[in-house]
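Fit chain B to the known structure of chain A by using the hints.
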Amino acid sequence: MEKEFVWKHKHLLGLEYLNAAEITHILDTAESFQEISQRDIKKVPTLRGKVVVNMFVEPSTRTKMSFSLAAKRLSADVVDFSPSTSSLAKGETLKDTARNIEAMGIDIAIIRHTSPGTPHLLSRIINASVVNAGDGPHEHPTQGLLDIYTMREKKKQIKGLKVAVVGDILHSRVARSNIWGLTKLGAKVIAVGPPTLIPMQIRDMGVEIAYNIDEVIPEVDVINILRIQLERQRSKFFPTVREYARLFGINSDRLKRAKPDVMIMHPGPINRGVEITAEVADGKQSVILRQVTNGLAVRMAVLVLVSGSDKEATEEKE
Amino acid sequence: MPSLLIKNGRVIDPANKINKIASVYVVDGKIKSVGGQAFQSRQAGSTAKGQVSEAGKVIDAKGMVVTPGLIDMHVHLREPGKEDEETISSGAAAAINGGFTSVACMPNTDPAVDNEASAEFVYLQAKRAGFANVFPIGAVTKNRKGEELSEMGQLFRGGAVGFSDDGEPIKSAEVIRRALEYSKMFNKPVIDHCEDKDLIRDGVMNEGNTSVALGLTGMPSISEEIMIYRDIALARLTGGKLHIAHISTAKGVELVRQAKKEGIKVTAEVTPHHLALSDEYIRTSNYDTVYKVNPPLRSKADVLALRKGLQDGTIDAIASDHAPHSEEQKDVEFNVAPFGMIGMESLLGVMLTELVGKKVITLGQLIAALTVNPAKILGIPKGTLSAGADADITIIDLEKKWVIDPTQFKSKSRNCPFAGWKVKGKAVSVIVNGNVII
Numbered sequence: 001m002e003k004e005f006v007w008k009h010k011h012l013l014g015l016e017y018l019n020a021a022e023i024t025h026i027l028d029t030a031e032s033f034q035e036i037s038q039r040d041i042k043k044v045p046t047l048r049g050k051v052v053v054n055m056f057v058e059p060s061t062r063t064k065m066s067f068s069l070a071a072k073r074l075s076a077d078v079v080d081f082s083p084s085t086s087s088l089a090k091g092e093t094l095k096d097t098a099r100n101i102e103a104m105g106i107d108i109a110i111i112r113h114t115s116p117g118t119p120h121l122l123s124r125i126i127n128a129s130v131v132n133a134g135d136g137p138h139e140h141p142t143q144g145l146l147d148i149y150t151m152r153e154k155k156k157q158i159k160g161l162k163v164a165v166v167g168d169i170l171h172s173r174v175a176r177s178n179i180w181g182l183t184k185l186g187a188k189v190i191a192v193g194p195p196t197l198i199p200m201q202i203r204d205m206g207v208e209i210a211y212n213i214d215e216v217i218p219e220v221d222v223i224n225i226l227r228i229q230l231e232r233q234r235s236k237f238f239p240t241v242r243e244y245a246r247l248f249g250i251n252s253d254r255l256k257r258a259k260p261d262v263m264i265m266h267p268g269p270i271n272r273g274v275e276i277t278a279e280v281a282d283g284k285q286s287v288i289l290r291q292v293t294n295g296l297a298v299r300m301a302v303l304v305l306v307s308g309s310d311k312e313a314t315e316e317k318e
Numbered sequence: 319m320p321s322l323l324i325k326n327g328r329v330i331d332p333a334n335k336i337n338k339i340a341s342v343y344v345v346d347g348k349i350k351s352v353g354g355q356a357f358q359s360r361q362a363g364s365t366a367k368g369q370v371s372e373a374g375k376v377i378d379a380k381g382m383v384v385t386p387g388l389i390d391m392h393v394h395l396r397e398p399g400k401e402d403e404e405t406i407s408s409g410a411a412a413a414i415n416g417g418f419t420s421v422a423c424m425p426n427t428d429p430a431v432d433n434e435a436s437a438e439f440v441y442l443q444a445k446r447a448g449f450a451n452v453f454p455i456g457a458v459t460k461n462r463k464g465e466e467l468s469e470m471g472q473l474f475r476g477g478a479v480g481f482s483d484d485g486e487p488i489k490s491a492e493v494i495r496r497a498l499e500y501s502k503m504f505n506k507p508v509i510d511h512c513e514d515k516d517l518i519r520d521g522v523m524n525e526g527n528t529s530v531a532l533g534l535t536g537m538p539s540i541s542e543e544i545m546i547y548r549d550i551a552l553a554r555l556t557g558g559k560l561h562i563a564h565i566s567t568a569k570g571v572e573l574v575r576q577a578k579k580e581g582i583k584v585t586a587e588v589t590p591h592h593l594a595l596s597d598e599y600i601r602t603s604n605y606d607t608v609y610k611v612n613p614p615l616r617s618k619a620d621v622l623a624l625r626k627g628l629q630d631g632t633i634d635a636i637a638s639d640h641a642p643h644s645e646e647q648k649d650v651e652f653n654v655a656p657f658g659m660i661g662m663e664s665l666l667g668v669m670l671t672e673l674v675g676k677k678v679i680t681l682g683q684l685i686a687a688l689t690v691n692p693a694k695i696l697g698i699p700k701g702t703l704s705a706g707a708d709a710d711i712t713i714i715d716l717e718k719k720w721v722i723d724p725t726q727f728k729s730k731s732r733n734c735p736f737a738g739w740k741v742k743g744k745a746v747s748v749i750v751n752g753n754v755i756i
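Going line by line, the protein sequences match chains A and B.
So the first sequence is residues 1 to 318, counted in my numbering.
So the second sequence is residues 319 to 756, counted in my numbering.
No wet-lab data here; the hints were simulated from the structure.
Here are some, though not all, of the chain B residues that point toward chain A, as calculated from beta-carbon distances under 10 angstroms:
#, residue
1, VAL522
2, SER529
3, ASN604
4, TYR605
5, GLU646
With beta-carbon atoms standing in for the labels, derived distance ranges:
#, chain 1, residue 1, chain 2, residue 2, range
6, B, GLN576, A, GLU58, 40 to 48 angstroms
7, B, LYS569, A, HIS9, 37 to 45 angstroms
8, B, PRO429, A, SER60, 38 to 46 angstroms
9, A, ARG99, B, PRO320, 54 to 62 angstroms
Keep in mind the model is a prediction, meaning the values are calculated, not measured.
All C-beta atoms, glycine included, are put in the ideal place defined by N, C-alpha and C.
Chain A with its partners taken away, still in its complex shape (with noise of 0.2 angstroms):
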């Protein structure tokens, strides 16, 4: 870890507004982490006495689960917020539920929803620290630095990598953080999937378009698969999804053409079938489990860094 690195952000809003040192920083913290997870009790108390609460607007599993288990593992006390049962399904706004919240006394706020920009509403609104849990199409931030996370660890640099992110990048958080995180970090991203699902100014983000999934495949050694959202389909994005199936589904008979390291990886939840075979999930070039692991140590990194108590982290794990 670089001596002279000092990390100056209190949110975590997403990826374009991280640079290079920066996002690799949470990458090596998150490193340092790793091997708590591995213990027979898997606990340190970096975030001891501190309050984290989880505003999951949009409903979530595994992105709630693996934020909940970063923090306890830092021995922060976990507050849940779920819609269904609180005051936002009552038509209070966000800002009071949130300046209700936070007059519990909260430290950090870890926020999905379904509207780009609410993680960003909150930090005008209150004075804890807000992570993104995914912001509607916007970003996933935790999700981007989990992916390079396990692209760096397994292919050792991210630089001069060439990362096809497959499937519907119109409507994907994940696409865009990985989009940010990994042109700022050197790698070469091409954006695959029918033209209705890439929008062409995506350029812009430094991308390069493709429509034809067995023209990348030989040349990339990462491919990024993004779930379908099956209700695209009634939007007219696309006509069936046995026609995207056929399509963009990654299959072992597309893989064959591949190089014989190439990643695949995937957010999840998956649709097997869909967007991925099953064999091809379950197969020796998947990382998708692995994705999830590292998912705790990248968050276990995050929290600590955006609630100022790295010092502290450095200090212990010496």
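Below, chain B alone, put in the same frame as chain A:
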């Protein structure tokens, strides 16, 4: 009524092609005459004889610009229905504070202004308030549903100066065709909010590289272009008077330009926010909902095209599309927040600074876009200092520097995207029907 003399000011009256130091003489709420130096000394003489000074008031407008009362032809005053956000009275007061003597308000209230009585209600409330003149625009269709024509003749009798379902585009080509035909009896425009809703879906901002980076659903500019194209074709067919509300796209401007060349009866208005702001503001402000408006703030290229459209006369009028929303409505998640921003009280300062100050258009062009042009479009006897016209007059101090502070506004709402802007130029006196309001 006592008489009024405004002397020494630079009188700019585009309707009469006047731009000179002159005096404006008002008697009985009407413009009596506008004259130069000789006229002034004659008036001075009459003052000596006691004809003016005894009966009336003298305003020394030295160093000021004296114009026909400004007209904002597109505002939303929320009454009846949402009086917490604006009322006809608070809106009319805001108009005066912004330098406007007349505004035309859109019928998307609850209930909608789609019958004679509700149009008369607008007049009545404005008269009670006693600030600016408020002209109702009647709905094109019953309850603004886009299905059956409203009683346009009755609305006209009730004082409607135009017809619009603003906020809702008229989806049916047949309905707008019939509206353009039927309204020819009254010589009032059909004002369309041009937007193909199918292409918009649940969009919240302009479609482009900014929306893609922000992950917000885009509203493509083609949705405006397609509707303008359709409306112009129907105006060509029917010979009806078509007015394009809040034009926002480069392609839209080009269509209007071509239609005008062809001689089709089409006019267009543009808002200050589409002339001064681009969609980048949503990004740099980290999703501030004050910039959420429909039509959405467009690209910088569109902003330039709109300015060009004003320069060459393709766009006739500047209107605020003043759309008040309460703080609790606006200060929410971006996707949830309503569209709209207020504009009556910032319009003049922003336009003088951004357009005239930066030499995009001349002062005369700006005044025309706020006086004679909207008056002609709506067919109202305003926007001129011709002898016999209603004595609606705005006096502007071009040198006055001020900071836009919505907390000082007369409007009940605060959703102004220009808060904090340093501007130059302000209306310092506003006269309605010969009465000095400020």
